[in-house]
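Listed in order, the protein sequences are those of chains C and W. Here the first sequence is numbered in this note's numbering, starting from 1 and rising by one per residue. Here the second sequence is numbered in this note's numbering, starting from 341 and rising by one per residue.
Hints are computed from structural coordinates only; laboratory data are not their basis. Heads up, a few of these hints could be off.
Stated by the list, open to error - Computed list of lysine-lysine pairs in PhoX-like fashion (alpha-carbon distance at most 20 Å, straight line):
1. C/K5 to W/K517
2. C/K4 to W/K354
3. W/K418 to C/K5
4. W/K560 to C/K78
What the hints assert, rightly or not - Examples of chain W residues toward chain C, derived with CB under 7 Å:
5. G347
6. E390
7. I431
8. R439
9. G442
10. G447
11. M464
12. F470
13. D472
14. R531
15. V532
16. D534
17. T538
18. S655
19. T659
Glycine is no exception: its CB is placed at the ideal position from the N, C-alpha and C atoms.
2 protein chains.
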Amino acid sequence: MAEKKIGLHTVKLKNPPSILSTATIVGPKEGQGPLKDYFDIILEDDLFGEKSWEKAESKMLREAVRLAMNKINLTPDKVDYFFAGDLLNQIISSSFAARELGIPFFGLYGACSTLTESMSLAAMMIDGGFADITIAATSSHFSSAERQFRFPLEHGNQRPPTSQWTVTGAGAVILGKEGNGPYVTYITTGRVVDFGITDANNMGAAMAPAAADTILRHLKDTGFNAADYDLIMTGDLAKIGMEIAVDIIKQNGYDISSKFTDAGIEIFDLSTQDVHAGGSGCGCSAAVFAGYLYSQFMSGNLNRIMIVSTGALLSPTSTQQGESIPGIAHAITIERSVGI
Amino acid sequence: MAEKKIGLHTVKLKNPPSILSTATIVGPKEGQGPLKDYFDIILEDDLFGEKSWEKAESKMLREAVRLAMNKINLTPDKVDYFFAGDLLNQIISSSFAARELGIPFFGLYGACSTLTESMSLAAMMIDGGFADITIAATSSHFSSAERQFRFPLEHGNQRPPTSQWTVTGAGAVILGKEGNGPYVTYITTGRVVDFGITDANNMGAAMAPAAADTILRHLKDTGFNAADYDLIMTGDLAKIGMEIAVDIIKQNGYDISSKFTDAGIEIFDLSTQDVHAGGSGCGCSAAVFAGYLYSQFMSGNLNRIMIVSTGALLSPTSTQQGESIPGIAHAITIERSVGI
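Just chain C, with the same shape it has in the complex (with noise of 0.2 Å):
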């Protein structure tokens, strides 16, 4: 059996990467939420001085992974690989940001998942000897998912109690063979599980099943419990998801309940900000992670956390054409420090 695999779907990292740097950017919106003191930059406009928001979207993931960089005077000739997708059709927010940066680049698709998807593979590339560093970064932007996922905003459609508001955000994460940590030190890689859900207003409940698989998944292949995590937190489910996930979990014999949050219900203050379940979109777990959480691990205040970031993996047209919402969720440990 290859020397990482434990249990059935799990790795551990034999020489976990370390985090060197992380660099979020995110909306007005996401700015005046409750970890508005943890992103590096607010956006006024969430047009960024582009003349689409799609432009900007691409704008948002570059200059992230360039912010990341200059904090530890990286330039991209010392990257080994870049790992990147979004929400956008031929993920060209990602595309366009590698043609600048010059990084030799696997884009990805993993709708919401991205954020662990590209963090899972950026990690797997180094601790398997084929990189000394990697960048793995992901964005998304209420707008340009808006009219490309739902209606054109001057549409002004009305938005169900179950529905999440795509965060306006990119983050980017920087791993390196050598480094003060935190590091990751367990991967375990979601399958796609469906479970019927057909309403795209309702992608929580389309993912949770996914999550909770995942999760499950994870914590049988590892032995370890919810004893084990400081914070388990998944991207995103919302208020809807959450509930679903943290019962089939319970029903499998773990109760997480107690560790448990979401990237899209931490980002936004749900009772005053009108973004009705919470947020979503693979900019939200990878602000709240590359911004809120690293700076938590920085100043001590956690120690082994688990992030799964969950994707609905629909389109415009898989939709119309009746199939119902097929979700995946990849889940990688962070921990402060290894070895001991």
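Given chain C, put chain W in place with the hints provided.
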């Protein structure tokens, strides 16, 4: 430096994974082309018994994977990771195939570079010690691609001579830690390169600089030249892009013309099949490699080849917003035997 890195951007696998099995499914037009004897299944109807071309494409991808598994009596529970992507928005062909297979899944978007993008990652996961068996797969479908990227087929639009014909086809490649070859031995990962081409009907020209960039970096990193290869196959530059790539490479001191071909040229008979500059689509290099070239390894006619799948990273939105077309190309070396 990471132990498997050679040169700037190439890795040399330490324990090269073996290809264990491949399978291909193609459409009726591809089944009339010069490689018709090398495909496992040739569809009589490109709807493949489904109600939409998108569903048909997803079924092709899924059935190609199943067929490749059946050939070696492999069940999905023995597969560690599934890497796949396609051209459809939100890669629904791949996601829905992954839903049926239940294998931990990394969704990719590399446009027509997906064969070698997925094989690169699938191979590195094994060599890195994370997996025993992985699957790389991709698909494309003329009819689903036309209506998504260009015009509804009912529109009957004219195609300029530089245009390429999206292959209806899917290919799956199963890689394993143990096997009798051929083996994946070197990987050179693509950077996004953009020479400012804005004509979405001339994608070969848009991708040629990326192909040249990757091939040149590979040759410099490894010290190889054309004589070290039986064949260097891009996919899919087609007639016009191929000439441009050969020229750029020649200007940089390497003459690969005697060993060079392109999957878009191989899969169709350009003189009789009315495909203009040649084939394209993720399924093109996938079908040519997993069908024809794999059989040539098995019958001992090939010893060492390089496959360089090339992707045009445009979207209809980026084109409408005046962006040029960035390209990317991922190269992998495949050898009949290793360790001599």
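The hints, checked one at a time:
1. For the hint pairing C/K5 with W/K517, the CA-to-CA distance comes to about 13 Å; that is within 20 Å, so the pair holds.
2. This hinted pair checks out: C/K4 and W/K354 have alpha carbons roughly 16 Å apart, not beyond 20 Å.
3. At most 20 Å may separate the alpha-carbon atoms for a hinted pair to count; W/K418 and C/K5 meet this at roughly 13 Å.
4. In summary, the hint linking W/K560 to C/K78 is supported, as the alpha carbons are separated by about 18 Å, within the 20 Å threshold.
5. Interface hint status for W/G347: violated, as the beta-carbon distance to the closest one in chain C is roughly 12 Å, over 7 Å.
6. Interface hint at W/E390: violated, since its Cβ lies 10 Å from the closest Cβ of chain C, which is beyond the 7 Å cut-off.
7. Restraint check, W/I431 versus chain C: the minimum CB separation of about 5 Å is within 7 Å; hint holds.
8. The closest approach between the C-beta of W/R439 and any C-beta of chain C is roughly 4 Å, which is under the 7 Å cut-off, so the hint is satisfied.
9. A distance limit of 7 Å between C-beta atoms decides the matter here; for W/G442 the minimum to chain C is near 6 Å, and the interface restraint holds.
10. Proximity of W/G447 to chain C holds as hinted, the smallest CB-CB distance being about 5 Å (cut-off 7 Å).
11. With 7 Å as the threshold, the beta carbon of W/M464 comes within range of chain C, its nearest partner Cβ sitting at about 6 Å, so the hint holds.
12. For W/F470, the suggested interface contact is upheld, since its CB lies about 5 Å from the closest CB of chain C, less than 7 Å.
13. Hint on W/D472 holds. Least Cβ distance to chain C is approximately 5 Å, under the 7 Å limit.
14. A distance limit of 7 Å between C-beta atoms decides the matter here; for W/R531 the minimum to chain C is near 5 Å, and the interface restraint holds.
15. The beta carbon of W/V532 comes within 4 Å of a beta carbon in chain C, closer than 7 Å, and the hint placing it at the interface holds.
16. For the restraint placing W/D534 at the interface with chain C, the shortest Cβ-Cβ distance is roughly 5 Å, inside the 7 Å limit, so the hint holds.
17. Checking W/T538 against chain C by beta carbon gives a least distance of about 14 Å; that is not within 7 Å, so the hint is violated.
18. Annotation: W/S655 was flagged as interfacial toward chain C, and the flag holds, the nearest CB pair being 4 Å apart, inside 7 Å.
19. Given hint, W/T659 at the interface with chain C, is violated; its Cβ is 10 Å from that chain's nearest Cβ, farther than 7 Å.
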